[in-house]
Each structure stands twice: as structure tokens, then as C-alpha cells.
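Residues per chain, in single letters:
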Amino acid sequence: DAKTTQPPSMDCAEGRAANLPCNHSTISGNEYVYWYRQIHSQGPQYIIHGLKNNETNEMASLIITEDRKSSTLILPHATLRDTAVYYCIVRVAYNQGGKLIFGQGTELSVKP
Amino acid sequence: GAGVSQSPSNKVTEKGKDVELRCDPISGHTALYWYRQSLGQGLEFLIYFQGNSAPDKSGLPSDRFSAERTGGSVSTLTIQRTQQEDSAVYLCASSSAYGQAEAFFGQGTRLTVV
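In the order they appear, the protein sequences are chains R and Z.
What the first sequence shows, in the numbering used here, is residues 1 to 112, in sequence order.
What the second sequence shows, in the numbering used here, is residues 1 to 114, in sequence order.
Derived by calculation from the structure, the hints in this document are not laboratory data.
Take these hints with a grain of salt, some might be off.
Simulated crosslink set (DMTMM-like; lysine to aspartate or glutamate; CA at most 20 Å straight-line) [said to hold, decoys possible]:
no., chain 1, residue 1, chain 2, residue 2
1, R, 99, Z, 102
2, Z, 17, Z, 56
3, R, 99, Z, 44
4, R, 3, Z, 56
Start from the sequences and build out the full structure, keeping to the hints where you can.
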């Protein structure tokens, strides 16, 4: 699976949008971009995923560049409960043998 | 239950003893993962079961580690002759068979080797 590069840490003010970048310059055409987060002392939680189109759900938006070499996860109105480590992962579909390999992630601190 | 269940939630064992950690995935989920997370570190992939295919064991750190999945459901991770460096939280996740299915994680088993 392709590797991803994320900044180790970021700060965001409560109520502001948090924009978390991820580089995946070696991504293959059949690999999806996934985002998970891990709140302290809990198991990771799925946030969103996409292939090449931008995606939005109740938690976040995912913006993928046209060349698919990078993406940004957007939390539109960050709250203190969004403080967590955010992981960007690329993988092929399950039915192609894809597995989830976590990198070091970005530690997001939302401050009042 | 509705989610992935792991047991025990905490385990303290003496160095050199064997331990078994259990994972009950979400009913119907055919993919199952084991990860290890040492204090302050990221998730380290251990093993991946995908339906009836041979498991991907590429992340197992040594031959003291093994895992099996019986009947395509419950999985057991076994660590033989435990060492202090095995102390970590062991996390299990499962996902359904569909192409881009999300993985659901359990709360983990905290293993302490003394």
C-alpha cells in the first residue's frame, strides 16, 4: 500500500474549520483515501473515504486534488471533542486484498 | 452485541507466560484485523483475516505471536513466552465484505507484562 505523509501536530481554535492535509504522491489508481481518528484511550473511528471525487458526510468533508496526490480533511466547525489523532490511509478495496496500515497521523488540538 | 468486543479489557501477566486475547467481530463481518499500540505510539499492523483466504501475517513481530479465526467469526491472538516489550494495547477491528467498507474497532485489551 502507498505511504502517506501528515504533519505531526496542528492546533485549531474552537468553532473554526480544521483543515488537515495529507500527501500520498505514490497513490495508485485503484487505491482509496481513508480518514480515521483516535480519541485518547479509545479505538480508532472511521470518518470518511473517497476515490477521486470530493466527499462530505455528517462528520467531515474530504477534498482530493485532481491528480490524487494529496487530500485535505475538513472539520467545518471544530469542537473540543474533535481533539484526537487523525490518520490518513490509502488502500485498495477490500475485495482486492486491501488492508488498513496506519501511519503516525496528525495530533489535532482544538483549543477554546 | 452491536460492536466489536474484546476480552479481557485488561490483562497483567508474568514474563514468560502465554496469553490469549479474544476478539468477537460484528456479526457477518468477514474481514478482521489485529493491531498493537504501545504507549504514545501509532497503530502497528499485526495480522489480517480476509474471508476464507489465507491470513496476511506480515505484521507479526516474531514467531511468539500467532492468531487464528475459528468458523470465520471469533479470533484469538496468542502471545507465547511474553516479554516486557509486548506490553501494549491490542486492538481488533472488523469490516464487511463490500469494497470500501469501513472498519469498526473494539476498545482493545491492555496487556501488561511484569
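Verification of the supplied hints:
For the hint pairing residue 99/R with residue 102/Z, the CA-to-CA distance comes to about 11 Å; that is within 20 Å, so the pair holds. Distance restraint check for residue 17/Z and residue 56/Z: the Cα-Cα separation of roughly 26 Å exceeds the 20 Å cut-off, and the hinted pair is therefore not satisfied. A C-alpha spacing of about 12 Å is found between residue 99/R and residue 44/Z, which places the hinted pair at or below 20 Å, so the restraint holds. Distance restraint check for residue 3/R and residue 56/Z: the Cα-Cα separation of roughly 18 Å lies within the 20 Å cut-off, and the hinted pair is therefore satisfied.
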